[in-house]
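Protein chains in written order, with this note's numbering: chain U, 579 to 740; chain R, 579 to 740; chain E, 579 to 740; chain P, 579 to 740; chain Z, 579 to 740; chain W, 579 to 740.
Think of the hints as simulated: they come from the structure by calculation, not from any bench. It is possible that part of the hints are untrue.
Any copy will do: because identical chains look the same in the list, a pair fits if it lies in one copy or spans two.
With a Cα cut of at most 25 Å, we get these calculated SDA-like pairs of lysine to any residue [as the list claims (entries may be wrong)]:
no.: 1; residue 1: Lys-734; residue 2: Arg-718
no.: 2; residue 1: Lys-646; residue 2: Gln-671
no.: 3; residue 1: Lys-734; residue 2: Gly-676
no.: 4; residue 1: Lys-599; residue 2: Lys-626
no.: 5; residue 1: Lys-667; residue 2: Pro-616
no.: 6; residue 1: Lys-599; residue 2: Gly-732
no.: 7; residue 1: Lys-734; residue 2: Asn-586
Predicted, not measured: the structure shown is a model, and the values here were computed from it.
There are 6 protein chains.
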Amino acid sequence: MAEFTHFNESGRARMVDVSAKAPTERVATAQAKVYLQPETLEKIQRGKIAKGDVLAVAQVAGVMGAKKTPELIPMCHPIFLSAIDISFKEEPQPDRDGRCSITVTATAKTSGQTGVEMEAMTAVSVAALTIYDMCKAIDRAMSFSDVWLVSKAGGKSGTYTR
Amino acid sequence: MAEFTHFNESGRARMVDVSAKAPTERVATAQAKVYLQPETLEKIQRGKIAKGDVLAVAQVAGVMGAKKTPELIPMCHPIFLSAIDISFKEEPQPDRDGRCSITVTATAKTSGQTGVEMEAMTAVSVAALTIYDMCKAIDRAMSFSDVWLVSKAGGKSGTYTR
Amino acid sequence: MAEFTHFNESGRARMVDVSAKAPTERVATAQAKVYLQPETLEKIQRGKIAKGDVLAVAQVAGVMGAKKTPELIPMCHPIFLSAIDISFKEEPQPDRDGRCSITVTATAKTSGQTGVEMEAMTAVSVAALTIYDMCKAIDRAMSFSDVWLVSKAGGKSGTYTR
Amino acid sequence: MAEFTHFNESGRARMVDVSAKAPTERVATAQAKVYLQPETLEKIQRGKIAKGDVLAVAQVAGVMGAKKTPELIPMCHPIFLSAIDISFKEEPQPDRDGRCSITVTATAKTSGQTGVEMEAMTAVSVAALTIYDMCKAIDRAMSFSDVWLVSKAGGKSGTYTR
Amino acid sequence: MAEFTHFNESGRARMVDVSAKAPTERVATAQAKVYLQPETLEKIQRGKIAKGDVLAVAQVAGVMGAKKTPELIPMCHPIFLSAIDISFKEEPQPDRDGRCSITVTATAKTSGQTGVEMEAMTAVSVAALTIYDMCKAIDRAMSFSDVWLVSKAGGKSGTYTR
Amino acid sequence: MAEFTHFNESGRARMVDVSAKAPTERVATAQAKVYLQPETLEKIQRGKIAKGDVLAVAQVAGVMGAKKTPELIPMCHPIFLSAIDISFKEEPQPDRDGRCSITVTATAKTSGQTGVEMEAMTAVSVAALTIYDMCKAIDRAMSFSDVWLVSKAGGKSGTYTR
């Protein structure tokens with residue numbers, strides 16, 4: 579099992595030196611799953627048509643959040659993000675706990691020396707937080723879970739699929 | 579059930595007008611639960627002593643992330659955050675899926691016209707993302723879940739405990 | 579006619595000292611007018627229903643831009659912005675130059691020692707820039723004009739209406 | 579007439595994928611025109627020598643604003659900006675409405691997969707907003723207009739001159 | 579001698595809870611001293627008149643840097659900064675090492691629950707770094723020293739003068 | 579002696595055009611020296627083990643500060659920073675003024691058209707400011723000095739060692 583790469587020999591955090599890495603095309607996809615009351619999901623879906631589109635705001639927040647990744651995650655490199663796209667999949671059928679869900683999926687791309695896993699992970703987290711913010715006045719118990727990397731490709735460590 | 583407050587009468591997002599609200603003391607606590615391999619948790623715990631403290635980096639990231647909340651969440655008000663504290667509780671006993679966990683808890687305070695739920699939620703999310711970033715080279719399947727509001731107090735809507 | 583207040587006695591820029599001012603309720607409204615081809619406006623209006631809502635993105639950008647005012651305008655004070663709302667009024671009837679228009683109006687509020695004129699002005703500018711960005715691939719000659727303060731109230735200089 | 583490129587097939591905003599584009603040298607020039615009272619322009623011109631240089635502050639704000647473009651305009655790519663220069667041309671002769679003007683022109687350059695139109699447009703807008711901020715205490719009716727792209731070169735869509 | 583206040587009982591950094599503190603008027607002054615070659619200082623002084631004013635850029639950078647303090651210094655509270663002013667004092671007489679100097683002094687004010695020492699310290703540091711950046715092509719050995727708090731007033735710990 | 583390059587022919591600041599420069603590997607090292615009371619240094623050293631690690635926070639702040647360089651220093655180019663590492667060397671032997679010291683050293687790397695001197699200089703400054711912030715309650719007279727470029731390599735001006 580490899581050692582942490584984010585620490586120098588004094589045991590202090592550093593931004594890993596990637597200057598010797600070859601630039602390659604990289605892509606990463608992450609997801610988060612927002613749990614909410616059936617009535618809340620219904621309102622979100624009605625709002626898309628007429629009264630205020632929660633997911634449109636979350637989409638913009640997620641895209642802008644992806645660009646903020648190196649400001650938020652201390653040891654992340656600043657990168658040229660060449661694409662970020664976010665989609666939402668609503669599950670209107672309540673689960674056994676009576677909760678509906680919205681799965682947020684984000685795909686980020688770059689051409690460079692570091693991957694874009696954190697950009698995709700940050701995008702879905704910020705989109706999920708924004709959904710929570712927009713709906714918290716009517717459903718304070720909302721939560722999100724299963725924030726994970728779905729897949730990645732490019733770079734020395736190659737392709738990964740969860 | 580109340581209407582979304584974050585939209586104006588044209589159905590467009592707005593930052594809610596809180597100018598008529600009385601300033602009160604407000605506090606909010608949120609959590610996130612990071613799932614990881616037992617070997618990864620072990621390395622994090624060994625690192626605290628000698629080789630690089632992942633959680634110290636996540637702690638700083640979470641505190642700084644809380645301050646970035648109004649930049650990340652589109653309809654959040656800028657606020658004077660009067661306190662933010664983060665703690666980690668490690669569960670070294672693997673669950674039935676063989677995963678260990680670290681529960682991140684953040685408490686935010688302010689005195690003002692809006693609450694600090696989003697600051698606490700953002701703090702735990704950024705701390706969890708940072709743990710993922712620091713460890714992803716050795717445990718790419720790490721994830722985080724159960725990001726929710728634990729409790730809040732202050733403001734018109736009063737006290738809430740999950 | 580008064581002197582510039584944003585310079586100290588050495589003729590160097592400073593952030594004006596407002597510590598002796600009484601906090602008051604303040605509100606400001608600004609506007610910008612985006613000129614575009616009739617076909618572009620038509621696409622924006624069709625998109626609102628089905629294919630991608632340009633103005634929803636501009637709205638979020640304007641709200642977030644308002645919060646960035648003290649980062650953008652060097653001598654602006656950081657403030658607690660208690661409300662920001664933006665609206666769009668489309669003029670589908672071409673003017674004598676054959677151009678249609680969208681008027682962006684933003685109203686900002688705060689309770690404090692400085693006004694929110696710049697927050698309203700910045701909000702409409704960023705919203706107009708975003709409309710340009712979203713449509714520039716199909717209408718590169720778009721422009722915006724008449725960025726001005728519509729009205730303000732509160733503070734020592736009192737009420738102003740253009 | 580082309581379709582909007584900033585939306586995905588669900589009609590949600592995305593950052594356009596430019597990863598397949600060839601990097602080329604790109605340059606863009608934009609302008610904005612600030613209208614002000616003759617007395618205000620006179621003060622600005624006197625200040626350049628002795629009492630406080632409004633345009634020096636606007637220049638710095640415009641350069642820094644250009645660098646903030648991807649933070650302000652939601653679907654803009656982060657880029658390596660290789661040059662940004664701003665100039666001011668004062669028109670002391672009042673127009674038929676009795677207003678003088680300052681034309682702000684900005685030229686941005688990059689070598690990459692996306693253009694710098696928005697960087698140039700943002701630079702002139704932030705410079706114009708800063709001039710307004712510095713002078714608003716003495717000339718609240720100031721405004722700016724004719725914010726547009728003067729020319730661009732480089733990239734697939736080639737050269738454009740207004 | 580007091581304990582560090584910036585750590586919680588687990589020894590992890592936190593933003594100190596100031597919610598119980600009474601808001602008071604606070605002011606702080608800090609300084610930094612930039613050392614440079616006599617020829618460099620001469621160029622800076624000539625530039626103020628005609629060829630490009632280094633100190634005007636450093637002034638704007640220092641003011642904007644003060645506003646970024648809570649983004650830079652992890653445990654600093656976001657505050658409403660009510661004033662920031664910066665001045666430069668040039669010493670054209672070379673010291674025994676043959677170096678001239680520019681002393682940068684910044685005074686920050688706020689009314690609130692935390693002090694503005696860090697805002698003043700950050701302002702002078704960013705101004706000094708900017709002078710270095712503007713002149714480094716002609717005087718790479720420039721340095722700055724004696725960055726310290728000159729005085730503060732307000733708050734529980736009262737007045738301090740170095 | 580060369581002219582300032584950061585000004586255009588009107589004597590106004592600009593971001594120097596580097597588009598014609600060849601991208602090369604660049605590295606820069608800078609330092610700052612923090613002076614503090616022997617008791618303060620002792621507390622910092624004890625804290626590393628058990629009670630709160632001041633230098634761990636300063637390390638993270640320095641790394642994140644390096645990434646903020648183009649936001650802080652007006653004429654700095656945004657860059658892809660490929661590595662940043664920071665180390666601390668403590669001098670527990672008091673000097674003739676009775677002060678101990680911590681020397682902060684930062685090394686930054688990039689592959690591009692501009693150097694990383696300012697990133698290294700900003701990293702040490704922000705780390706030094708953070709040490710001051712964390713300890714100021716117990717040692718308000720702390721200061722830092724000797725902020726300078728230790729060495730650089732790469733780029734047209736070649737290698738420099740102080």
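As a check of your reading, is Lys-734 near Gly-676 (CA-CA no more than 25 Å) within one copy, between copies, both or neither? neither (43 Å within a copy, 28 Å between copies)
Can you tell me if Lys-667 and Pro-616 fall within 25 Å by alpha carbon in one copy, between copies, both or neither? within (14 Å within a copy, 32 Å between copies)
How do Lys-734 and Arg-718 come out at 25 Å by Cα distance, when the copy is not named: within, between, both, or neither? between (43 Å within a copy, 14 Å between copies)
At most 25 Å between alpha carbons: which applies to Lys-734 and Asn-586, within, between, both or neither? Cα proximity of Lys-734 and Asn-586: one copy only (21 Å, versus 30 Å across).
State whether the alpha carbon distance between Lys-599 and Gly-732 is at most 25 Å within one copy, between copies, both, or neither. both (12 Å within a copy, 18 Å between copies)
What label fits Lys-599 with Lys-626 when the C-alpha limit is 25 Å: within, between, both, or neither? So Lys-599 and Lys-626 fail the 25 Å test inside a copy (44 Å) and across (29 Å) alike.
25 Å Cα threshold - placement of Gln-671 relative to Lys-646: neither (34 Å within a copy, 35 Å between copies)
The earlier numbered hints that this structure contradicts are 2, 3 and 4.
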